[in-house]
Amino acid sequence: MLLIHCPYCNETLPEVEFAYASEAHIARPAKPSDVSDEDWAEFLFMRSNVKGPLYERWRHIHGCGRFFNAVRDTVTDKFLTTYKAGDPRPDLSSLTEGLK
Amino acid sequence: MTAPISSFTPGVLAHSDAARVGFAPRCARFSLRARGDLAPLEAALGLSLPTRIGQRVTAGERQLLCLGPDEWVLHAPERDGAAITAACAGVYADHPHSLVDISGREVSFVIDGPRGAELLTLGCARDLDSIAVGEGRRTLFDGATVILWRDGDTSFRLDCWNSFATHLFHLLDTGVRELAAESL
Amino acid sequence: MSQYRVSGRGRVDTSRAVTFTFDGKSYRGVQGDTVASALLANGVHLMGRSFKYHRPRGAIAAGSEEPNALIGTRRGAGRFEPNTRATVQEIWDGLETSSQNKFPSLKFDVGAVNDAAYMLFSAGFYYKTFMWPRSFWDKVYEPFIRAAAGLGVSPTEEDPDHYASRNLHCDVLIVGAGPTGLAAARAAAVEGLRVVLVDENAEAGGTLLSEPQARIDGKPAWDWLAAELEALKALGVKVMTRTTAIAYYHQNLIGLVEKLTDHLPKLPADTPRERLWRVRAKQVVLAQGALEKPLVFHGNDRPGVMLAGSAQTFLNRYGVLVGKRPVILTSHDAAWYAAFDLQDAGAQVQAIVDTRADVDALLLNEARARGIAVKLSHTATATSGRLRVSSLRINPVAGGTVGSGQEIRCDAVLMSGGWTPSLHLFSHTKGSLTWDDDRTTFLPNNTPEDCVIAGASRGLWGIEAALADGAEKGRAVVEALGKTGAQVAYAVEADRPGTGVSHKELPTDLSAGKAKAFVDFQNDVTAKDLRLAVREGMRSIEHVKRYTTNGMATDQGKMSNINGLNIASDALGKKQPQVGLTTFRPPYTPTSFGAFAGYHRGEHFEVTRKTDIDSWAEAKNAVFEPVGQWRRARYFPKPGEDMDAAVRRECAATRASVGIFDASTLGKIEVVGPDAVEFMNRMYTNPWTKLAPGRCRYGLLLGDDGYIRDDGVIGRMSEDRFHVTTTTGGAARVLNMMEDYLQTEWPDLNVWLTSTTEQWSTVALNGPDAAKLLAPFVEGVELTEETFPHMSCVECTVAGMPARLFRVSFTGEIGFEVNVPAHLGRKLWETLWDAGQQYGITAYGTETMHVLRAEKGYIIVGQDTDGTVTPYDCGMGWAVGKKKPDFVGMRGLARPDLQAKNRKQLVGLLTEDGSKLEEGAQIVFDPKQAIPMTMVGHVTSSYDIGTTDQPIALALVAGGHEKMGETVYIPMPDRTIAAKITSTVFVDPDNTRLKI
Amino acid sequence: MTRFNAFNLLKNAMSGHKNWTEQWPDSQPKSEYDVVIVGAGGHGLGAAYYLAKEHGITNIAVIDKGWLGGGNTGRNTTIIRSNYLYDESQRLFDHSVDLWQGLSQELNYNVMYSNRGCLMLAHTVHDVQSFKRHVHANRLNGVDNRWLTPEECKEYCPPINIAKDARYPVMGGALQERAGTARHDAVAWGYARGAAARGVDIIQNCAVTAIRRNAGGSVAGVETEKGFIKAKKVAVSASGHNSMVMATAGVRLPLESMPLQALVSEPVKPIFPCVVMSNAVHAYCSQSDKGELVIGSGTDQYVSYSQRGGLPLIEHTIAAISEVFPIFNRMRMLRKWGGITDNTPDRSPIIGKTPVQNLYVNCGWGTGGFKATPGSAHVFAYTIAKDEPHPINAPFTLERFRTGRLIDEAAAAAVAH
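Chains as they are written, first to last, in full-length UniProt numbering: chain Y, 1 to 100; chain U, 1 to 184; chain L, 1 to 996; chain V, 1 to 417.
Hints may be right or wrong, so weigh each one.
Covered stretches of chain U, going by a simulated chain Y footprint (3 or more residues, C-beta under 8 Å) [as the list claims (entries may be wrong)]:
(1) 66-73
(2) 133-146
The calculated lysine to aspartate or glutamate pairs, modelled on DMTMM-like cross-linking and capped at a C-alpha distance of 20 Å, are [as the list claims (entries may be wrong)]:
(3) Y:K84 x L:D748
(4) L:K282 x L:D171
(5) L:K282 x U:D129
(6) L:K516 x L:D115
(7) V:K290 x L:D93
(8) V:K65 x L:E542
(9) L:K856 x L:D944
(10) L:K266 x L:D13
(11) V:K65 x V:E225
(12) L:K574 x V:D26
(13) V:K164 x L:E96
(14) L:K238 x L:E203
(15) L:K52 x V:D289
(16) Y:K84 x L:D115
(17) L:K139 x V:D289
Label pairs and their calculated CB-CB ranges [unchecked claim]:
(18) V:E152 x L:I931: 18 to 26 Å
(19) L:S983 x U:A39: 35 to 43 Å
(20) L:A486 x V:Q28: 55 to 63 Å
Everything labelled a hint here was simulated from the structure, so no lab data went into it.
All C-beta atoms, glycine included, are put in the ideal place defined by N, C-alpha and C.
So that you can see chain Y by itself, here it is in the shape it has in the complex:
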């Protein structure tokens, strides 16, 4: 069971309080009607599924209720950082050793 830092509560808490919400920074097209079937399929289904640092979303569903973003190494399951929804995607190289 992971320990996850909620950037809103500013606490590191057991995974059971959180719900995974898949890859982050996949924005829903502003005008869906204008996008092609390919692009819509890309938005709906295609995922990078990175083996290594993955930008992903979690929701502190049993806590503050907020969706937020995280960077987690999917090989070690260690979190490199978590940040609020809407914050810019942090640059990987800038990320130091995972949160404790």
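Use these hints to put chains U, L and V onto chain Y, whose structure you have.
Just chains U, L and V now, kept in the frame of chain Y:
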């Protein structure tokens, strides 16, 4: 236990030398959501809105706990319910927010006794030491979302939705006996 | 006292006799005995039979690593466990134990014929045969293999015990309460940290319990231990015995299982049998110690052949001599001390046979002083004795050649192949290992977790080294937690560190094919099997393990992994690290299911959510059904009624007068804010802007893939406030989906969502008399067609209770849904129930609700849709806002396949012969075709207990909307049913019955 | 290759088993192959076997970053069944079950396929409707699957608790008698031995780092730890690594890789005669020939390649087992492990061509890949050889995610495994 939760009467439900579980009297409960300038709402409610999650304020018989960046839960005497609704409605036009009456949604258990804090470790995965006395948190207890109010070192209130109450009480009741049976 | 019990030795209480049974025979042990120590005290070595060859076996070890002495343990009805380790189970008066995997008896087991034919049962033999004839596998071969395998028998009764779990947070968790763990605990405790110290044994102390001769800081080991434990407890250390650290999970979550009652003669009230602890520690110290390695030689599995260290433990901890004429066989100093202890306790050690040429002079002198014969540079090539070892055959080894053998008579062979550090939990952390050539073992390297490993588990032998490393690592942990620890030193006298060499199988003069030199005792894997696996191309230890099953027995390789690796790498001509170590998998020792299930058994397996009205239904003998986490009344049978009769009555009464229904479980979400209407426009397919306050509308929710996710009636309570209802099962999912879009895609919207599912109890009244019944109780609105038309909603008072009143119908009758604060639900229900008697009010359940709505063609999401159905498929294009720029699912709906002709569309079906169709039945156009048939749809809902004069059904049929009036066919096993495609509305198509 | 049979076993027994030969050589890569298959699991080795046997293509390398069969092939709960809902799935999995029937003889390697039957328990009215829909659809497709009453379920598998007052009462079950289990390692080993005997190179401990493409865009070969290997065609079936490998060829997949845990109990004498699946409760159980109860857990909620899983999931899985089979509560868990499952949005696999010419993929099996091993390998080989899908895997395209023509077993039946 198939009795409806509405048939629970305030008072002690289970107790041992180790811990005690009581049923709290009904009260008016509101979920308040707001952003931006909170002053008008604070004026309307007669208490300040803490902005750190987990922080609590008390004004007279009204207690308010910050649950999220734009979310608070408010407990007040039942008789205050209408006044609170009216007061908030009064400022809505200029300061839109969401006030939802959840008085009927939840009940509260009171947990205390020398090992009250340990009793909660049967169902709560988070470190209770991270909830300071006088604060509170929304968290998970035995699979159900609950709000824990820490009123003292070993005394807590646990708010849960009606339909989870008997299930959660069963665990608390088991724990009350289990803890008492332990040779310390 | 039993003949092998030595007075003045051990920590058992010889003044307190304990009686238990083994295979029906009664034995006496003493307080503090395990089943194994008690049997050994009675001279019983034969305790079990092996897995494949059914060879007689005795205890080889004294702890949880025991592979052979597995027994069934019983405490009366319902309390039986197979495969219990006799070396771990403590005895109590009345304990019943039994041996396993034998027939008819342990002493004479016909299964042992396998042993005679062992040449056939080589590694992987079953992959090579049992293939002809094909049909024989299921009928003959497999049953034979299955019956031969399996050790003990399963329990057959429900477990009457209860189990518990708890979460625990601490600064430092220390696994293993031997000298290393004790020293680490003190180092952390003196700094005021929250320390937890756990040990799987009945008492703390580890090796100290087996080495009373040692003196620590001037005190005898046992005195020091007692004082130290007191001191630690005084420092607030939580010391947990009979507690096994079973697994190491992410970020220092360690699972512990505490055994609370298996050692007690009487079960105390309110005490669980076992408790699972989920410990979250800031730092972890692993001090699991090391396990002694067996030596691999022909006949090394005979009862009486045992690890030297374990013999020492049986003597010093339990006061039991495992033999009176033991012979020691070793490649390590440790076994010499065992020889000395046994000799000093009255045994006549026949000889110390060491494979090494050079041994510490001190040891030689000690042996000489005791008059023990010593044989250096010797190997062992055989043992004899049927059910108990009676002699050991040893041969000199010179320049790699094995000389002629000599028999040594004995009643026990105490062997030591050196020690293997316990790296189990460390490797659960995905920690890396390094190979150490001197010690021929793996040692811990790096771990991603906040964890240190100390003492013998990193290859340090002896009590002094253990204490020193424990103190050192304890200090490291203290400093990792930001405090400054102190240097501590321990003075140890009569310590017994030792050195030794490690072997593959011992050299022998037997022809290799003949030797039965066991590596994995329980699974009967021999050195020969391992070499065969390599010969057949198995090059990784994983392959060798899986091919031979070495290390897969219930000791999980504790006895066999390293010996297996040494032999396999020798066969491959590679260094051990290139062959690799099989990963240690949790749990550390086998762990009862009950400990994991914990409190979640029976009715508390999962929460059962009940409405406030549920208790009324229960009192009325309703039959319930689980829906999501809720239980809902399915129907209300009168005496003698089955479901069909009850539902028929409930349906008829509702259409004739009035029915009452508990709709409280429907999901409810309050949507509030200036942008509430915009949010609704974006989420739901329908347009909401024009919906006036006080009115409600059926809403349809799609996923962005265009398929129906949920539906429900939505009321606009005021300009900025919507009362949204969802399906019972969908409530949480829908709210989460809404929050996801709101927080992630449209954070600009000024609107908030609150779950009000449980704020309200919802009582639904349906039927021609519904308005008449309800009206007298309503204050604030008149229930007329003009003042409160169909699809209206209002906040008012009902029977003096604050209420949200909806005029909606899911039955086709005049309908109302009264929402009152949840705790008033039963009160409202009973009020209406009593008043309704004059109209013959009838309570109905979900089944009747399903029938009545189907007669009107209202869909149930999840029954008439299945996640691949669009609004157009169910003829609900009317619910899709065409003018809206966007809504969730709009783009998805435009994808080619969702626009395709001939999609499966929802239609009604009426059978030609008036028979009822089965839900789920498949539909074809051409009934004469051969199997596999081309199926064009299926029946989603079907009822013959409603108010229509013939059975009705809803179905998804390819291109159904274009096929009104056409006939389709439903091929059933016995016959094919013809049905006509109709509209989905079977009752009151022009909605006249909805009018007051 | 020494034939496996009782006579040879006896003969070798007499000579102390010293004359058995290796089942497959540990090959080093050549510079060029007609086909390079990435991933030496059952699916990849099987594809190589059928390419060699049925399509006459033998210049093949099967490359794996680790030991053959070391991925999900050796980490699953070995459930084999074909009673799926949609025609497409039924054809694919039933083709597989057909091949399972004779696989031991086909490979001259006893994979211990055991038709012990698979019983899917219904615990809710919705389950009953859904499973009956399966039963009817299967019947008209010629796939065996029949409905059992609770009492019949109990008779078929006595450890099941059918008490009416259970938290999740058993309302019946769907039984496929042809379904069952097999010895997972033997499947990989048998295919490896069969393929090697036909000239296929099996290259272990050699990670493929990238797929290289020609200027024209078509496949050129694979970069590996042991250098570049030229290949006319490249086929990828590397469960748990597909996204990365395919990404190097510029192909994005609709996959998320989740940890899946499984466990076994201590071995006991035969007590559990079949496979039981209980989706509502999340209990999946059978008993191995060694006597262990083999139990499947659910997937953790997050993407991970760590092959570790969480404790809460194991607690729930065991609680589910004790709920459905209360007599097992005092049994003990012996060993628990994790695998990586590649999940598609519709929980159906992708088998076929890709936008890159001569690059083929077989992935997205979620928790159900083992059962499909022979069938999937067989049609994958066909697709590689003919550069067009076999009719059976034609619907399982990557394209379906654009058109929306999903094969949504998950949505249709909420069936895992």
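These are the hints, each one checked on the structure:
1. Coverage of a stretch by a chain is defined here by at least three residues with a beta carbon nearer than 8 Å to that chain's beta carbons; for the stretch 66-73 of chain U and chain Y the count is 4, and the condition holds.
2. Counting residues of the stretch 133-146 of chain U whose beta carbon lies closer than 8 Å to any beta carbon of chain Y gives 5, which reaches the threshold of three, so the coverage claim holds.
3. At roughly 15 Å between alpha-carbon atoms, K84 (chain Y) and D748 (chain L) fall within 20 Å of each other, so this suggested pair holds.
4. Proposed proximity of K282 (chain L) and D171 (chain L) is supported: the alpha carbons are some 5 Å apart, at most 20 Å.
5. With a CA separation close to 14 Å, the supplied pair K282 (chain L) and D129 (chain U) stays within the 20 Å bound.
6. Restraint check for K516 (chain L) and D115 (chain L): satisfied, since their Cα atoms lie roughly 10 Å apart, inside the 20 Å limit.
7. For a cut-off of 20 Å, the pair hint linking K290 (chain V) to D93 (chain L) is broken: about 34 Å separates their Cα positions.
8. For the suggested pair K65 (chain V) and E542 (chain L), the alpha carbons sit about 14 Å apart, so the restraint of at most 20 Å is met.
9. With a C-alpha separation of about 14 Å, the suggested pairing of K856 (chain L) with D944 (chain L) holds against the 20 Å cut-off.
10. For the hint linking K266 (chain L) to D13 (chain L), the alpha-carbon distance of about 19 Å falls within 20 Å, and the restraint holds.
11. For the given pair, K65 (chain V) sits about 9 Å from E225 (chain V) by alpha-carbon distance, which is consistent with the 20 Å threshold.
12. Proximity of K574 (chain L) to D26 (chain V) is assessed by CA-CA distance (about 15 Å); at most 20 Å being required, the pair is judged to hold.
13. Taking the CA atoms of K164 (chain V) and E96 (chain L), the gap is about 34 Å. The hint is violated against a cut of 20 Å.
14. Simply put, K238 (chain L) and E203 (chain L) have alpha-carbon atoms about 14 Å apart, close enough for the 20 Å limit, and the pair holds.
15. For the given pair, K52 (chain L) sits about 12 Å from D289 (chain V) by alpha-carbon distance, which is consistent with the 20 Å threshold.
16. A hinted pair counts as satisfied when its Cα atoms are at most 20 Å apart, and K84 (chain Y) with D115 (chain L) does not qualify at roughly 67 Å.
17. For the proposed pair K139 (chain L) and D289 (chain V), the alpha carbon gap of about 14 Å is at most 20 Å, so the pair holds.
18. The supplied range of 18 to 26 Å is met by E152 (chain V) and I931 (chain L), whose beta-carbon atoms lie about 24 Å from each other.
19. S983 (chain L) and A39 (chain U) have their C-beta atoms about 59 Å apart, which leaves the hinted 35 to 43 Å range violated.
20. Evaluation of the 55 to 63 Å hint for A486 (chain L) and Q28 (chain V) yields a pass: the beta carbon distance comes to about 58 Å.
Hint compliance for this structure: hints 7, 13, 16 and 19 are broken, all remaining hints hold.
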